[in-house]
Amino acid sequence: MIRSRQVTAAASMVVILFLAGSVLLVRQIDQVRTGATLEEVVYISSPKFVKRASLGYDGLVADIYWTRAVQYFGEHHRAGGGRYELLWPLLNITTQLDPHLFPAYEFGSTFLSAQPPNGAGTPEKAIALVEYGIRNNSDDWHLYYDLGFIYYDLKDYHGAADAFLRGSRVPNAHPFLKILAAQMAEHGGELKTAQMLWSATYETTHDKLIRANAAAHLRALQADQDVTELEALVERYRQIAGHRPSSFAEMAKAGYLHRVPADPLGNPYQLTPEGHVLLREPDNFPFVQKGLPPGYVAPVAPKILLVD
Amino acid sequence: MNSRILHIATNTFREAVRDRVLYNLIAFALLMTGAAVLVGQISIDIERLVVINLGLTAVSLFGVVIAIFIGIGLVSKEIDKRTLYTVLSRPVRRWEFIAGKFFGLAGTLVVNTVFMALGVFAALAYVSHHFESSDAAILVALYFIVLQFVILTALALFFSSFSSPLLSAVFAFALFVIGNFSEDLRGFAKMTRGITHWLATGAAYLVPNFSALNVISQAGHGQPVASQLIAYNTAYALIYAAGVLGGAVLIFEHRNLK
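Chains as they are written, first to last, in this note's numbering: chain W, 1 to 308; chain X, 1001 to 1258.
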């Protein structure tokens, strides 16, 4: 009996030690082979072969490839290098395995089109991806909307207007596509157009990440507009009073403002002695173009607030 | 079904339960729970899709493994344990033995699939908090998976009636793989000419048409499955399984068991 217990104890110890040892070794191996797993995933770069090898379970394999694409993008985005060589093969295999996997088009095109370090900076591949999605899901207007957005980011307002127009012809398309197409054709580069685009995204999506991203863009556009208008007001004050205001309170006292102006998150704007208007917490406005303090370096990963 | 077939089927089911075949449900439950909790954290916007794809794929693969590995031993095990002689010494005919074994294993797989289906729907309720009318496609996909099991069980039993368990497993699994390419095979056959065309076409139609029985991706996207396809697939699976079982009976009837 005692001997049996001794054997049990010894065997248990061996099991624990070996398991712990193997875990440690696997961690070491992973460090030696950084990125190897993912490279092996796309070693077979032919989507057709992957589809055949999946034995009919291509839906699940597509989900796995999409998850790998998300993981790959996330890891490289955090690292901040701005290099995403495997992103396109991963997305290409994903969508060829499952041509109806909408998140892969919706998010994948954003990953591909955004400029480094926030994306791969390959809008032509993003367009190819969404066009492939449209060919396979021609009855869904969302993909045309995504395509228009990519063209808009490229400042190709003609292309954007064309994409929105094509989308507006799809049965049951959202009516704003027609408005967007017209607005894009006539006033492509204007702030109002950008606000309209992001408002449409905000109102039509059910995804909380896309919604938060749209809200962040809308806040940034609002801040850009505020800064432009406030700096113009400061300049007018200088021309009339003969000196720059020392604070917004002084301008409010002189009747130029009703109150001390605040950014879309409620923090008061800052006025510099040179007459520039700055954001107090620029990290909260990842897409803003104006109001940034001199020498400001944006964080590698944009801070998207999930408050909306 | 006559009472002798029913008895053999019931005993086959009991034996499978005694062999802890249904323990795979624990692994399945863990898989579904893990997927439901994990996917939302590591991927974007595919929680629901993964639960459906992973759930139905797991139902299919678990069932395929059970159908093959239990099916190949249905006859040979009885011979090895010499229990077959006891059964056949009673007023049980050989074809009844084969039919009973088939229904017993098919019944085990149906019960297993029903429990797994409940798991899939529970995980789906967890991730999406509601069901949609398009989820009916999942039921169709599950039904097609059961039809796959019916064919595969018949094939495993067929090989088991004349071959060793190892070779039977190899043959059955090979046919499962080939059957998933059956549409491609028919396409290739069309490209050939002369005698090759007839041989290739014959072979392409002889292998089970598993590719038409896989609508998992379609179910994942909530796309409806044509009622005509449901009817044709049902008829096909039943006819094909009956044909294969007929072959198994034919071989087993003439097999020298001494």
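These aren't lab readings, by the way, just hints derived from the structure by calculation. Some hints here could point you the wrong way.
Sample of chain X residues facing chain W (criterion: CB under 10 angstroms; computed from the structure) [said to hold, decoys possible]:
hint	residue
1	Thr1033
2	Ser1060
3	Asp1184
4	Leu1185
5	Leu1206
6	Val1207
7	Phe1210
8	Gln1223
9	Val1225
10	Ser1227
11	Gln1228
12	Leu1229
13	Asn1233
14	Thr1234
15	Tyr1236
Partial pick of chain X residues on the chain W-facing surface, computed with a CB cut under 10 angstroms [as the list claims (entries may be wrong)]:
hint	residue
16	Ile1052
17	Asn1053
18	Gly1107
19	Val1111
20	Phe1176
21	Gln1218
22	Ile1251
23	His1254
24	Asn1256
Idealized CB from N, CA, C, for every residue including glycine.
- Message: Hint glycine 1107 of chain X vs chain W: min CB-CB distance below 10 angstroms?
- Response: Because about 25 angstroms separates glycine 1107 of chain X from the closest Cβ in chain W, which is outside the 10 angstroms limit, the hint is violated.
- Query: Does serine 1060 of chain X meet its interface restraint, that is, does its C-beta lie within less than 10 angstroms of any C-beta in chain W?
  - Reply: Holds - the Cβ of serine 1060 of chain X comes within 10 angstroms of chain W, reaching about 7 angstroms at its closest.
- Message: phenylalanine 1210 of chain X was flagged as interface toward chain W. Is the shortest Cβ-Cβ separation under 10 angstroms?
- Response: 7 angstroms, holds
- Message: Min Cβ distance, glutamine 1223 of chain X to chain W: is it shorter than 10 angstroms?
- Response: It holds, given that the least Cβ distance between glutamine 1223 of chain X and chain W is near 8 angstroms, below 10 angstroms.
- Query: Does the nearest C-beta of chain W fall within a distance shorter than 10 angstroms of the C-beta of leucine 1185 of chain X?
  - Reply: 12 angstroms, violated
- Message: A closest beta-carbon separation below 10 angstroms is what the hint needs, so does asparagine 1256 of chain X meet it against chain W?
- Response: 38 angstroms, violated
- Restraint check, 10 angstroms cut-off on beta carbons, for isoleucine 1052 of chain X near chain W: 8 angstroms, holds
- For the hint on threonine 1234 of chain X, just tell me whether its beta-carbon gets within less than 10 angstroms of chain W. This hint is violated: threonine 1234 of chain X lies away from chain W, its Cβ roughly 19 angstroms from the closest one there, beyond 10 angstroms.
- Task: Under 10 angstroms, Cβ to Cβ, is where tyrosine 1236 of chain X needs to be relative to chain W, so tell me if that hint holds or is violated.
- Result: 16 angstroms, violated
- Hint check, glutamine 1228 of chain X versus chain W [nearest Cβ-Cβ separation less than 10 angstroms]: 21 angstroms, violated
- Against chain W, is histidine 1254 of chain X within 10 angstroms by beta-carbon distance? It is violated, given that the least Cβ distance between histidine 1254 of chain X and chain W is near 35 angstroms, above 10 angstroms.
- Can threonine 1033 of chain X be said to touch chain W, with a Cβ gap under 10 angstroms? 17 angstroms, violated
Of the numbered hints stated above, those contradicted by the structure are hints 1, 4, 5, 6, 9, 10, 11, 12, 13, 14, 15, 18, 19, 22, 23 and 24, listed in ascending order.
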